[in-house]
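Student: Residue numbers (my numbering), protein chains in the order written: chain A, -2 to 352; chain B, -2 to 352; chain C, 446 to 769; chain D, 446 to 769.
Keep in mind that the hints were calculated from the coordinates and are not lab data.
Even glycine gets a Cβ: it sits at the ideal position worked out from N, Cα and C.
A portion of the hints provided could be inaccurate.
Stated by the list, open to error - For lysine-lysine, the following DSS-like pairs were computed, each having C-alpha atoms within a straight-line distance of at most 27 angstroms:
| hint | chain 1 | residue 1 | chain 2 | residue 2 |
| --- | --- | --- | --- | --- |
| 1 | A | Lys306 | A | Lys284 |
| 2 | C | Lys747 | B | Lys343 |
| 3 | B | Lys197 | D | Lys478 |
| 4 | B | Lys267 | B | Lys284 |
| 5 | A | Lys336 | C | Lys747 |
Claimed, not checked - Pair ranges (Cβ atoms, derived):
| hint | chain 1 | residue 1 | chain 2 | residue 2 | range |
| --- | --- | --- | --- | --- | --- |
| 6 | D | Glu670 | C | Ser724 | 28 to 34 angstroms |
| 7 | C | Ser634 | B | Gly147 | 34 to 40 angstroms |
| 8 | A | Gln269 | D | Pro495 | 47 to 53 angstroms |
| 9 | D | Val642 | C | Asn639 | 25 to 31 angstroms |
| 10 | A | Leu118 | D | Asp465 | 21 to 27 angstroms |
| 11 | B | Asp4 | D | Glu750 | 47 to 53 angstroms |
| 12 | A | Glu333 | C | Asp757 | 47 to 53 angstroms |
| 13 | D | Glu750 | C | Val642 | 55 to 61 angstroms |
| 14 | A | Leu118 | C | Ser724 | 49 to 55 angstroms |
| 15 | D | Glu750 | B | Glu294 | 47 to 53 angstroms |
| 16 | D | Pro495 | B | Glu294 | 50 to 56 angstroms |
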Amino acid sequence: MTDGFEDAVRLLDPSGRLDEKAAEALDLKEDDLLELFRLMLMTRRADLESTALQRQGELAVYPPLIGQEAAQVGSAYALEPGDFAFPSYRELGAALVKGVDLVDYLHFYRGTWHGGTYDPLETRFGMVAVPIASQILHAVGYAYGSKLDGSRDVSMAYFGDGATSQGDFHEGCNFAAVFGAPVVFFCQNNQWAISVPVSKQTVAPIYRKAEAYGFPGIRVDGNDVLATYLVTRQAVQRARTEQVPTLIEAVTYRLGPHSTADDAGRYQPKEQVEQWRELDPLDRYRKFLTERGLLTEEVKKGFDEDANKLAAHIRSGIVGAPPPDPGDLFEWVFSEKTKRLEAQEKELLEEAGDQ
Amino acid sequence: MTDGFEDAVRLLDPSGRLDEKAAEALDLKEDDLLELFRLMLMTRRADLESTALQRQGELAVYPPLIGQEAAQVGSAYALEPGDFAFPSYRELGAALVKGVDLVDYLHFYRGTWHGGTYDPLETRFGMVAVPIASQILHAVGYAYGSKLDGSRDVSMAYFGDGATSQGDFHEGCNFAAVFGAPVVFFCQNNQWAISVPVSKQTVAPIYRKAEAYGFPGIRVDGNDVLATYLVTRQAVQRARTEQVPTLIEAVTYRLGPHSTADDAGRYQPKEQVEQWRELDPLDRYRKFLTERGLLTEEVKKGFDEDANKLAAHIRSGIVGAPPPDPGDLFEWVFSEKTKRLEAQEKELLEEAGDQ
Amino acid sequence: MSEVTMAQALNEALRNSLRDDESVLVLGEDIGKLGGVFRITENLQEEFGPTRVFDTPLAESGIMGFSLGLALRGYRPVAEIQFDGFIYPSFNQVVSHVAKHRFRSRGRAPVPLVVRVPFAGGIGAAEHHSESPEAYFAHTAGLKVVVPATPLDAFDLLTQAIRDPDPVFFFEPKSRYWSKEDSELGADSLAMGNARVVKQGDACTLIAYGAMVPRCLETATAASEDGVEVEVIDLRSLVPFDLETCAKSVEKTGRAVVVHEAPLTAGFGAEVAASLAESAFLHLEAPILRVTGYDIPYPPAKVEEHYVPSVDRILGAIDRVLSF
Amino acid sequence: MSEVTMAQALNEALRNSLRDDESVLVLGEDIGKLGGVFRITENLQEEFGPTRVFDTPLAESGIMGFSLGLALRGYRPVAEIQFDGFIYPSFNQVVSHVAKHRFRSRGRAPVPLVVRVPFAGGIGAAEHHSESPEAYFAHTAGLKVVVPATPLDAFDLLTQAIRDPDPVFFFEPKSRYWSKEDSELGADSLAMGNARVVKQGDACTLIAYGAMVPRCLETATAASEDGVEVEVIDLRSLVPFDLETCAKSVEKTGRAVVVHEAPLTAGFGAEVAASLAESAFLHLEAPILRVTGYDIPYPPAKVEEHYVPSVDRILGAIDRVLSF
Ligand SMILES: Cc1ncc(C[n+]2csc(CCOP(=O)(O)OP(=O)(O)O)c2C)c(N)n1
Ligand SMILES: Cc1ncc(C[n+]2csc(CCOP(=O)(O)OP(=O)(O)O)c2C)c(N)n1
Ligand SMILES: [Mg+2]
Ligand SMILES: [Mg+2]
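Just chain A, same shape as in the assembly:
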């Protein structure tokens, strides 16, 4: 049931034991090792808080990422501040790592504003992209622009297993190869595209699809934060220094429903979920850190506090947050309002005033 790891790079086995030899390539200090855990813990906490907020009617909908924390944190941690991440809609963990204020991020799901309320250029974290695979091309174009600038910036495209079926995935990979764009294609294969298992989505292993474009494809255990970090770091370097793209397939699992609107019980086998729960990325990494003596009680306490603070921040930022000013709707359609938009704005504001 939890197969799909053939050929996958793995540094930590499910019991948290490190493959010392393979780990030699890791460039992480103890602080980094702990920071990865802190970020995963905060992600888990923020994710649960978001689900709770949706249940309480404070968010319109929310797509949980529980189970995918290592894949997101490990990969995003491999980016430098100038690198630009282009997410799909499930990358709250990557957003956190990139320094996006999660309240601003969650305003997308509250229905306050499409694209959230953060600045994508400043944070170098793209807006939530719902149309599957569409963001991949943006990452490639942006990356090629970085290359033209002579900068060292790399783009990262996040997407799911289902996204590999779309034409835009294909066109994005091909453009990247042809133009030598410094981009990393990071696929979280969480085994499901809503109710469709990856076995019905495609026949070939996802990482093998890189063969079609002539650049490396690598499968990694996406529940192993160290392996994910390592593989991504190497791919990012390859992009940065050689302008060679990489397709990474992070094998992981969607422990929650597709979104809060989904009833996964209709299609997701309970036993499968149970088996993957055993592979929980936080548990595995916690064991490793604890055995190393890094995760002392004091450190743990500090991390728990950080997670609590983040949850409180999210809650206070989201609960009861006001809707946007209806006049905002006409502000950014164009650089300047057309006469027609001015008239429409007037009509809307008059009606809104009447209410």
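Starting from the structure of chain A, add chains B, C and D with the ligands where the hints point.
Tutor: Using the frame of chain A, we list chains B, C and D with the ligands on its own:
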């Protein structure tokens, strides 16, 4: 310059010598061997006639296939009558093999009627598809329908090297693999997509793209009619009996311009054209047949007559052929004319009558 | 005779069609085991098996082109596009092939197929889940474009669409999926292509489709309380467009307001208004007004109420045409 | 001061823009060495190098999404779509992203880019090479839609479009590429968003864009011979739509005919007619008529003359509004 044959299946070398061992798998009788030549000769002749007709203003535009006769004839000859071929716009040779009346076919290029005037269902030869790669999905859907019917029919999708960049190519291959559709993807890599060489179209060899879908990908010398036939025949059988798709890359060359509207001199290196002229598929096969003693003077004469007859048939069918009745324009928009269309038809006919 | 929601009516229409015609296939993303995100295909895979009712990979151009191929082979594909905002990847297959196949083949190779699209807003959904793309399809020659407003009509029109020899784009107003009607499915059906006068009146004609029909009826009730009897027309199909029924009404009322959720500019309301203004010119006592979505992207959920035509906005337009 | 064709004027506008603004990139299929199938980008790669002017793989969704990414990074991509009929694969990127990026990011991440599309028919081309898809884009909020009719305007409008902070879809009437104008490029330019009265008259207003502008002028000349002076308006841009200029003219003439090549139903002419009928209601002495392509796929070359609005058809419509 004429590289690109790495890993390619080849039975006849450029001097017409047969690889006897490899040829053991061929199931062709002498009649078939000659028929292949006859079809190639007729194709060459019909193609030249079409170009001439365009120069004389009898066709609006025409995309020559000169140089690709072996690829088209060899592949289409591997099909059975029930098999359905979905062409792009350059498959006059395949149309001939499938028994399409070339006058009906060329009415597309005359501008008499989109889709020509043949019956695609009866001939099992789809209508000319100009939007690149779009026909690939039709082939897959049709093939899956054949499978649902429990029939033995196979679909064949024809397309070029440039088409592999489109999302529809990717989606078609993936659907075929997932549904086990009995389809063969036949790519004529003629080295150019208008002015863009295949090296700027994609980085990986085209046949290797099959890896992304989990079915076989095969490269064949597309100027070797026997190898093309053999490889296609095997792919068709695999589709028919095992419902496994195959991607075939036939390495060939566009000796003419992209279309009669194109000025290939702007981008196609003369030396490259010269080098590929040495690999002319008809010359090679003629040498082989002659050396075998099959292509006697008498046989040759008969074939030449057939080719002449075909050219005459085309010429007499196309030159001065009347335009369609303008009223036809409203006949097949829907199964029944809407009131709006009736009114519009009336308007058009009144105006046409006035003239 | 019992209460039925639009979702149930659609499900029943699919079930009957699958039962009556072996060539009918139902396909799309998550329409099998899950029964579709709106449960319109609920239990169909169980009942008819995974050969007749099946999930596809996640690719809308794929779904459209694959369906065309199936139709060519003699099947009647009924494809679901999961949401309005996800139909765009299929646009090339729609415009370049589906719409033109009968025409290009001089009638020899028609491709009857149905594309079901849950559409429009008002349900507090996330971005890309509330769009009204119908005008793109209505402007594309060769496609029929159908929009039911009630459970009964949803059943009738979907049944007709599946039997229709032409490609039909079937837009389902998702905010009405849970609306109920107390009636017998299929008891008395009006053919596709005909608009229906759903409320009589003589002061002004309201013309709408989909979820805007009940909105107009609400408006009519409110107007009625002020002693103004408006006539309400449910277009039911945009292509064919039943101009006659609209014109007849306007000849009586002398005034018209067209209502839809899609943006104003070049929306289908422009077609209705332009056609009516031409054919009922001498009967018009006031300009024809359009009450529509604004020329902005569909707004975030928290402010969508300001975008979707409200009873107040429609009443405002009625006032303006009456006092012109 | 010398004769210049529209093709040359466009080429010159691109050249100037590449020269004046380092962030401008020109990309598309076959636009490099070949100079584009219509030679609009001729010599630009030679002059500015393959980094600024480059061919892409054959994939329009790719071109559109890639251009958006470049724009985000601060470049000004000017993408060519080879023909009207090949823009559809990019539609999802256009509607879901290009049109919405400024809006979604509350102005923080606009994506100024230009998409050039040779469009419309009349040149005896093969299928898919003569389409008029402008209404799809005009109906999509967030896009500017521009259509030049003359060499001078082609130069001005393209120059303005490349400098514009918003995404601009630039439709080039391919049948006019070889039309000449005797004038100095850039000498006197009218801002995008303004229509232009290209001929004065008082009997009736003809409203058109692209290749239908010269067609209307021809018609006006013919009408003039019969003593009827019609006014001709070149819209120049569909979005923004200059209703004021149109309305002002109709207030004078009392009559209007809108002309375009795209199919009638839900074409941009519907918007023009509906808006004008509303705003100039009291001035209208006859219904506004539309002379357009029919609601059929663009026909084969041998019969296209019956489809594209002809002088006779336009004259017929003028007759009808004058004798109403
Ligand atoms: C173009 C498009 N089609 C359909 C959808 C509806 N949809 C949203 S998420 C989803 C499944 C995506 O699966 P995957 O790519 O594996 O990502 P995951 O949700 O598992 O993270 C679907 C079908 C969409 N958002 N966009
Ligand atoms: C969607 C689409 N985009 C662009 C074109 C214009 N076009 C026609 S043929 C062609 C090149 C095709 O190259 P390839 O696939 O290699 O086929 P070949 O012409 O070499 O047979 C292009 C760009 C088109 N027909 N369709
Ligand atoms: Mg997934
Ligand atoms: Mg080619």
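Student: Give me the numbers of the hints this structure contradicts, sorted from smallest to largest.
Tutor: 2, 9, 12, 13
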